[in-house]
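Undergrad: These protein sequence lines map, in sequence, to chains A and B.
Here the first sequence stands for residues 1 to 219, where the numbers follow the numbering used here.
Here the second sequence stands for residues 1 to 219, where the numbers follow the numbering used here.
Be careful, since some hints might not be right.
Identical copies look the same in the list; a pair holds intra-copy or inter-copy alike.
Claimed, not checked - Cut-off 30 Å, straight-line C-alpha distance, at most; resulting in silico cross-link-like pairs (DSSO-like, lysine-lysine):
1) Lys11 with Lys45
2) Lys197 with Lys56
3) Lys123 with Lys88
4) Lys107 with Lys88
If you are wondering where the hints come from, they were derived from the structure by calculation, not from laboratory data.
Now for the letters of each chain:
Number of protein chains: 2
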Amino acid sequence: MLSFVEENYLKAIYHLSLNGKQEVSTNALAEEMRTTPASVSDMIKKLSQKSVVSYKKYQGVNISEDGRRLALHVIRKHRLWEVFLVEKLNFTWDQVHEVAEQLEHIKSPLLIQRLDEFLGHPKYDPHGDPIPDEHGNLIEKHRQPLDALSIGDQGVMTAVDDSSSSFLKYLDKMEIGIGSNIKVIDFIEFDGSMDIKVDDDKTLTVSSTVAQNILVAID
Amino acid sequence: MLSFVEENYLKAIYHLSLNGKQEVSTNALAEEMRTTPASVSDMIKKLSQKSVVSYKKYQGVNISEDGRRLALHVIRKHRLWEVFLVEKLNFTWDQVHEVAEQLEHIKSPLLIQRLDEFLGHPKYDPHGDPIPDEHGNLIEKHRQPLDALSIGDQGVMTAVDDSSSSFLKYLDKMEIGIGSNIKVIDFIEFDGSMDIKVDDDKTLTVSSTVAQNILVAID
DNA sequence: ATTAATATTTAGTTTAGTCTAAAAAAAATA
DNA sequence: TATTTTTTTTAGACTAAACTAAATATTAAT
Ligand SMILES: [Mn+2]
Ligand SMILES: [Mn+2]
Ligand SMILES: [Mn+2]
Ligand SMILES: [Mn+2]
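Take the sequences, apply the hints, and build the full model.
TA: Next up, the structure:
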């Protein structure tokens with residue numbers, strides 16, 4: 001049985017080993033966890049002891065199959081709770097993450113099974129992230145950062161890469177959300193900003209940073 | 001801000017100061033918390049520091065007004081979650097307590113406000129216990145242990161005094177629950193057991209222990 | 001009012017998780 | 001290759017919450 005601190009480390013290791021590939025460095029993990037490399041060194045020894053990661057000194061850490069399963073279980077709970085908060089309790093998508101960080105650590109298989117049923121077995125959370133099933137399988141929808149598209153390309157927004165409240169509120173104000181149709185009208189070399197047309201309606205300019213964090217599917 | 005361990009101590013102190021009146025002894029608290037008197041001694045110093053209890057050495061501990069408010073807030077959350085689990089997730093009344101023990105420590109004012117709305121501002125939990133409002137006010141329904149009634153008396157079951165799974169499952173099997181009409185047919189001096197008629201229908205015998213834990217309202 | 005029994009507190013450890021400072025290894029650079 | 005820089009680990013301390021054993025205070029009993 002993992003403590004909730006251990007669960008959080010494992011989640012971070014899982015996320016980092018997706019982006020950065022395989023081994024996760026002590027420093028990267030320390031940054032992600034907002035703690036010190038010394039603390040991380042201690043913790044990965046514990047996690048290694050529990051065989052949820054494998055670890056050789058100075059070689060970074062690799063998540064194990066067991067670890068991956070556990071991480072995905074916590075992520076499943078996190079995302080199901082986010083759906084619950086939005087669908088049933090009328091939270092906005094920028095209000096759910098903090099609360100889900102707490103709820104994801106509740107231990108009760110029955111609770112999650114019933115919550116999943118209650119929500120109608122949702123496949124995606126409010127930010128467009130896929131919800132792993134009880135076996136850890138997830139259907140990753142095609143997703144590409146908006147700033148990778150060229151002028152004339154268009155796609156449907158499927159997710160955000162940044163779930164910070166400030167970014168999500170900005171999108172709300174611009175009336176951009178999951179499902180919006182986005183077409184690239186112009187690309188400004190100078191600063192990487194883009195002119196886009198949303199839902200064949202309004203045209204607006206978004207910064208390079210914004211474009212990087214909007215994920216779209218091109219069909 | 002209290003840790004979840006401190007919240008549990010405070011809840012226990014609150015409960016004990018209702019039954020046993022005012023001061024709570026170190027030993028009673030240790031037993032309730034399933035820990036040692038030494039640990040309790042340490043903890044009540046901490047709670048006293050945070051002014052949620054008042055405490056003079058060897059004199060037991062008294063909950064403060066602040067402490068009472070905090071305890072009732074945790075109890076409010078516990079009971080609202082129990083209602084949610086039964087009403088929305090189809091848990092049985094004997095399955096909810098353990099999970100609610102975890103959920104009651106989630107910190108989010110918005111969550112509780114919305115949950116309360118979602119549930120339609122329930123006044124009682126699945127065990128018949130009153131749910132404090134956001135200010136800590138609660139409407140204690142009239143409740144009296146069944147074994148205090150005399151032959152011929154009757155009342156409506158309003159709550160249980162023991163929320164253990166085994167007791168609740170027994171009641172389910174006997175088809176006795178909150179709202180059942182119970183009439184005392186006979187009282188056996190020898191062991192304190194009772195013959196009762198439930199809902200003017202079936203007659204059955206319950207032990208003294210069972211009778212103590214069924215709470216009824218006489219009108 | 002002493003003495004005995006019980007309740008409570010203190011002292012000293014333990015474990016989980018964190019930190020800073022220092023040592024050691026690995027990687028980068030000259 | 002030798003040196004410098006960066007990364008990682010170790011050492012030593014700290015806090016929260018627990019425990020056992022010992023000391024002390026309170027209460028009960030003679
Ligand atoms: Mn989230
Ligand atoms: Mn999400
Ligand atoms: Mn309960
Ligand atoms: Mn209850």
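Undergrad: Does each hint fit the structure? Answer for all of them.
TA: To see whether the hints hold, each was checked on the structure:
1. Lys11 with Lys45: Close inside one copy (16 Å), not across copies (36 Å); limit 30 Å.
2. Lys197 with Lys56: neither (50 Å within a copy, 70 Å between copies)
3. Lys123 with Lys88: Intra 16 Å, inter 20 Å, cutoff 30 Å: intra and inter.
4. Lys107 with Lys88: both (21 Å within a copy, 18 Å between copies)
Going down the numbered hints, you'll see the structure goes against just number 2.
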